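Participant: Below, each chain spelled out in residue letters.
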Amino acid sequence: MGFAKAGQRPAEAGDTAEETAMDLPALIRGLRDPEADMRRRCAKDLVSYPEAVHALAATLDIERVQNVREMVMTTLALIGTPEAVAVLLPCLRSDDAFLRNEAIEVLKQLPNSLAPMMEQLLKDQDPDVRIFAVNVLESLRHPSVVQWLLNVVESDPHVNVVATALDLLSEVGDENCIESLLKAQERFANEPYLQFAVRTALDRIEQSKEST
Amino acid sequence: MAVTETKGITDDDFQKFREFFYRKTGIHFDDSKRYFVDKRLVERMQALKSDSFRAYFTTLRFQTTGEELQQLINVMTVNETYFFREEYHFACMISSMLPEIASKKRPGDTIRIWSIPSSSGEEPYSIAIYLQEYWNDLDKFSVELMASDIDTMILEQAQKGVFSERSVGNIPAHVTNKYFRKDKNGMYHLDPDTRSAVEFSRVNLSDSADTRKFRKCDLIFCRNLLIYFDDVSRRIAAEAFFDALNPGGFICLGHSESMSRISGLFKVRKFPEAIVYQKP
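For the record, the sequence lines run as chains S and G.
If you count the first sequence from 1, position 103 lands on 103 in my numbering, and the numbers rise without skipping.
Add 1000 to a position in the second sequence, counting from 1, and you land on the number used in my numbering.
Quick caveat, the hints were computed from the structure, so don't treat them as lab data.
Among the clues, some could well be false.
[To be verified] No more than 27 angstroms apart at the CA atoms, straight line, and that leaves these computed lysine-lysine pairs for DSSO-like:
id : chain 1 : residue 1 : chain 2 : residue 2
1  : S       : 5         : G       : 1140
2  : S       : 123       : S       : 183
3  : G       : 1270      : S       : 5
4  : S       : 5         : G       : 1184
5  : S       : 5         : G       : 1178
[Stated by the list, open to error] Covered stretches of chain S, as calculated for chain G (at least 3 residues, CB under 8 angstroms):
id : region
6  : 22-32
7  : 61-70
8  : 167-178
9  : 181-190
[What the hints assert, rightly or not] Here are some chain G residues pointing at chain S (derived, C-beta under 10 angstroms):
id : residue
10 : 1162
11 : 1166
12 : 1242
Since the model is a prediction, treat every value here as computed from it, not as a measurement.
Beta carbons are placed, not taken as given, at the ideal position from N, Cα and C, and that holds for glycine.
Next up, chain G with everything else stripped away, as it sits in the complex (with noise of 0.2 angstroms):
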């Protein structure tokens, strides 16, 4: 493991580092991501006015509020989101989970899917995009799409379908073409049929008032939001989510979140497409 050290933060810290990073958060830094750490540690460390790496790991693991942890997990992780993004959660919902529900159901029954956070869209209208291209038998089932978000402004930004180039880089070119018109200044306009097919709405997933207006879920996508939250806070949206599921649902977490550390409330579910857990 031949890594380079910081000024200030020696192959040791590292080390620490992130072995009590991911046992906080469950995310693993491997040694090439060793100038990426240090160089966030460094700038929390200046934050804080620390004048080493031992006095700022004192206040990272110790300090009551965890408001240090809090910032440290918001600059460590990137706040970004695509369409497509892990997609390999989206084929799994079109060749295992779907198939699975839609077996315990009857034409014309109503398949419940729930996004959040949505944030500024793409991951519920990849959703619904997906079941359009992908799923034969969207027309045998009423489905219904909800989106959710604590965040008012980002909500307003989802609901208008507007994207960047980067934003829809991921789609295959046929999909991009069909289901976007590109404008002058080189945004993409989703087409008003999938965007009405999300219903957005503003959650709070610690608030049990807004989280018990969802209900009788079959999938609930929650990918990179876990990480945020407090030991506390999670087993809060654990609860939400294991009410909001039918029997038999399933919940997909982001690829560095483990339910299992979180809480037992649902078994975990190998399918050939990915890992996803699944209310008894």
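The shape of chain S in the complex, shown without the other chains (with noise of 0.2 angstroms):
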């Protein structure tokens, strides 16, 4: 015994994975197999289907195998298309706190697909999805993160979500928010947390000019 290498003995199986081909109607007929093992494998190579996007969001209700389950996520973001964002969107509302925040972390890596829909989510009539939204542009490479942020602080309705935002805007901000944030500051006169949050926004975007 002791050292050994596998290219010197006779193959075992299992050493690597042999696996045989599966068409489309094999793969998504594999994402309800009995096996886990299965179930994941087919996720896995579903990442070459773009139309499969509808069958990986079904399984997503169902599945309860947490390596299963992340695979499906991992797919959905290597796909990355508009559809593949449309088929994640509703997670954001699910009670199941593993959907919501993978959800959160996949669609971070979408900016391009998640960009048209991003207004019509920040309009979301459920704040706490609004706040998922905001969540999500704080790591979204996009252009238009910060118009986005301006919007909600100057009209969202719910303090919680425009707090998040003036957290992030305190980040990403300069002077041209800073009309926007006094607009905030004025319609949460009485919310001592946002008075805070918009002078140190405020603080920061000043910092920033000095330094410029």
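Grab the two chains, each in its own frame, and use the hints to assemble them into the complex.
Facilitator: See the structure below:
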């Protein structure tokens, strides 16, 4: 015994993944396979089929094995089309914290596909969904992020949504944001936290201005 | 927090930047690193012809390709390696992980260890030396030690097993004397037996065609690599490691990396020597 090399001994079952190629219908059927390993493998291989996003999303509602769910999310992130984004958005309303958090993380990675839907998302009736949308903006690499945040700060009726947007604006905003910040300060004059958040954002913007 | 402002980068800029960089990479720069950070930020600002930190920071945050963030990560991380680097993981391998792995196997069974990225070989060879020096059960099992890197040039260099004095400087002298021969140019040649214990291969961690060759592993070392990856690539890597490991298998990441920030696939295991991650 001691050191050995895999290439210098007879191959054993499972040394490497020996997987027979499956077509789209078989992969979609495989998402309902009784074996979790097969469901995970099918979710992984569906990355080559953007048309499978609805089947993948449907799996999220019923799948309970964590590593399969993660693979479904990774595959949706890799597909990354507007259709993939569309099937992820309902996850933001889910009671399942895993789905909500994973959806936020995946959406952050899909700026171009998400951008056309962001304005609508920021006007959602549910303030929690709007907060999650602002959470997505936190790491979304898109030139409209500041404008979207300003829209929230100027017009969103819910203090928690505005406060979340202010936190982010204090980091990314510039002097062009000052007017919107002052409006928010006025709209929520009786909310001490929001007053504090506006002052912090204004201070940071002022410091940035002085440094340029 | 008394820090010194570099021209164009204020204390507040530094604060904003380090918060952002920590969120993206998990790497935290304390105040003592201020000069290091500022110097590299100024270099990148000049490279992009940004006239202010604010303009540069906007590019960094919102550039669709993420190219500048990657450039900055590259210059902010020192890509160096040497024998016995982050040695606590090797101590943990001997004292905690291997005993647990071995307890589920029979004598003669295979134990697979995968080191990626291997770079110029210091990590996989450190594992080989550690096993020979400190693991009493090495003779009871068949240990396959695999090492991979995406860079074929560095793999060639690794297989030669020749290292500088700086590279071996962290190894105790008696161990160096046992496993290396010093030539007249001051280079250290690893002994052929230890060199042949490691099987090198080229692997792109983001390519499932490459990674599916790795299965039934018991222990993976992937240290200071994922910090270079974007979020999607990190997820792909985590999925690849999950597929590669046996249930109960372990993965060691670099000290500034956290699997919990990448994926929920693994359990955190706190051993006396180190925190590692385990496939359930």
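Participant: Honestly, which of those hints from before does the structure not fit?
Facilitator: The structure conflicts with hints 3, 4, 6, 9, 10 and 11, although it agrees with all the remaining ones.
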